[in-house]
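J.: Sequence:
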Amino acid sequence: MLGDQLNKRQACCQRLFSLLMVSVITLPSAVAGPDGGQVVGGSGSISQSGLNTTINQTSQNMAIDWQSYNVNVNERVQYIQPNASSISLNRILSQNGSTIAGRIDANGQVILVNPNGIFFTPTSIINVGGIIASGLDMKPLDFMNGQYIFNEVLGTDGTVINSGIINASMGAGRGGNVVLIGQQVKNDGVIVANLGSVTLAAGKQAVLHFDQGGLLGVRVSKEILQDELGVDPAVLNSGEIQAAGGRVLLTASTSHDIFSQAVNSGNLESATSVVMHADGSFTLAACRCA
Numbered sequence: 472m473l474g475d476q477l478n479k480r481q482a483c484c485q486r487l488f489s490l491l492m493v494s495v496i497t498l499p500s501a502v503a504g505p506d507g508g509q510v511v512g513g514s515g516s517i518s519q520s521g522l523n524t525t526i527n528q529t530s531q532n533m534a535i536d537w538q539s540y541n542v543n544v545n546e547r548v549q550y551i552q553p554n555a556s557s558i559s560l561n562r563i564l565s566q567n568g569s570t571i572a573g574r575i576d577a578n579g580q581v582i583l584v585n586p587n588g589i590f591f592t593p594t595s596i597i598n599v600g601g602i603i604a605s606g607l608d609m610k611p612l613d614f615m616n617g618q619y620i621f622n623e624v625l626g627t628d629g630t631v632i633n634s635g636i637i638n639a640s641m642g643a644g645r646g647g648n649v650v651l652i653g654q655q656v657k658n659d660g661v662i663v664a665n666l667g668s669v670t671l672a673a674g675k676q677a678v679l680h681f682d683q684g685g686l687l688g689v690r691v692s693k694e695i696l697q698d699e700l701g702v703d704p705a706v707l708n709s710g711e712i713q714a715a716g717g718r719v720l721l722t723a724s725t726s727h728d729i730f731s732q733a734v735n736s737g738n739l740e741s742a743t744s745v746v747m748h749a750d751g752s753f754t755l756a757a758c759r760c761a
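Residues 472 to 761 (our numbering) make up the sequence shown, in order.
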C-alpha cells in the first residue's frame, strides 16, 4: 500500500517539478556530490569513492562545514553514526542553494543548513533516524553546546522545498523527526515519520527543543514581513505527510494573518483534530491507536 502511494506521489511530483523551479532558491549550475567537507566540531571522517560519500561519525555530536552540498540522482551520501540519537550538523557555506536529487541514508540524526535554500527533487530518497533541513543558519558552537538556534542570513531567501521522499525512523518502535524550517517552506512530496513528528515552520529565527517524549518542538521567534512573501504562503503542504501515532505541526510567523500563511491542501494521514495556538500556529494531532 505504502509503495503504491509513494510511486503515485513521485509521479505527481515530477509533474510539479517545473512549477517549483520558479521558487526563490538559487540552484547551482551543475550538481555534484558534497564537496570541501571539514569537521569543525566533534570527531569523524569523510571519504568519497565514485558516486558515494561516507561520513563516519565517532562522537555523539559532530559538526561539518561544507563548501557545497549537492547529491546527484545516482549519488549516495551515507552517515554511519554511533547510535540513533547521534547528530551530524552539516553547514553549507556555498553561495548557491543545495540540490538533493539522490539518496541520503543515516542511522541517526542529520541537520542540513543552507541559508541559500535546500531543494529535495522528485528523485530524492531520504532514509534517516531524523532530519532537520533549514534555510536558516546555525552556529556550530551553539550546536555543540546543545542549543538549537537558527537565524536568517541577510540577503538570502532561505527556502526549503521537498518534492521527494523523506522517511524518518529511529528503529525499535521509536519514531523519527522531520523538520523543514526556513523563510519559506513547501512540501509536495512524501514525508513519513510514524510515531514521530513532522514540522514545517517558517520564520526568520527559530529555536528547536526536545520534549519529554523525545519529540521536537519549535518556537518561531522572528516574523517574516508580509511584503517579503507577496501572495505566497510561508508554509505550504500540498503533498503527503504520514505520522501515525505522532504529530504534525505547520506554523508560520508573519506580520499579517499568520493562519493564512500556513496552508495545507495535501494529505495528512491519521490527523484527527486541529489545535489552534495563541501565536496563530496550528497542530494537527494524529491518532494514537492501540
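Don't read these hints as lab results, they were simulated from the structure. Accuracy of the hints is not assured; some may be wrong.
[Stated by the list, open to error] Label-pair ranges, simulated between beta-carbon atoms:
(1) 527 / 626: 31 to 39 Å
(2) 618 / 514: 25 to 33 Å
(3) 618 / 564: 28 to 36 Å
(4) 644 / 506: 35 to 43 Å
All C-beta atoms, glycine included, are put in the ideal place defined by N, C-alpha and C.
J.: Is it true that the C-beta distance of residue 527 to residue 626 lies inside 31 to 39 Å, as the hint says?
T.: With Cβ atoms ~35 Å apart, the hint holds.
J.: Taking the beta carbons of residue 618 and residue 564, is their distance inside 28 to 36 Å?
T.: violated (20 Å)
J.: Given the range 35 to 43 Å, decide if the beta-carbon distance of residue 644 to residue 506 lies inside it.
T.: The hinted range 35 to 43 Å holds for residue 644 and residue 506, with Cβ atoms some 37 Å apart.
J.: Take the C-beta atom of residue 618 and the C-beta atom of residue 514, compute their distance, and say whether it sits inside 25 to 33 Å.
T.: Violated - the Cβ-Cβ distance for residue 618 and residue 514, about 20 Å, lies outside 25 to 33 Å.
The structure does not agree with the numbered hints 2, 3 stated previously, though it agrees with the rest.
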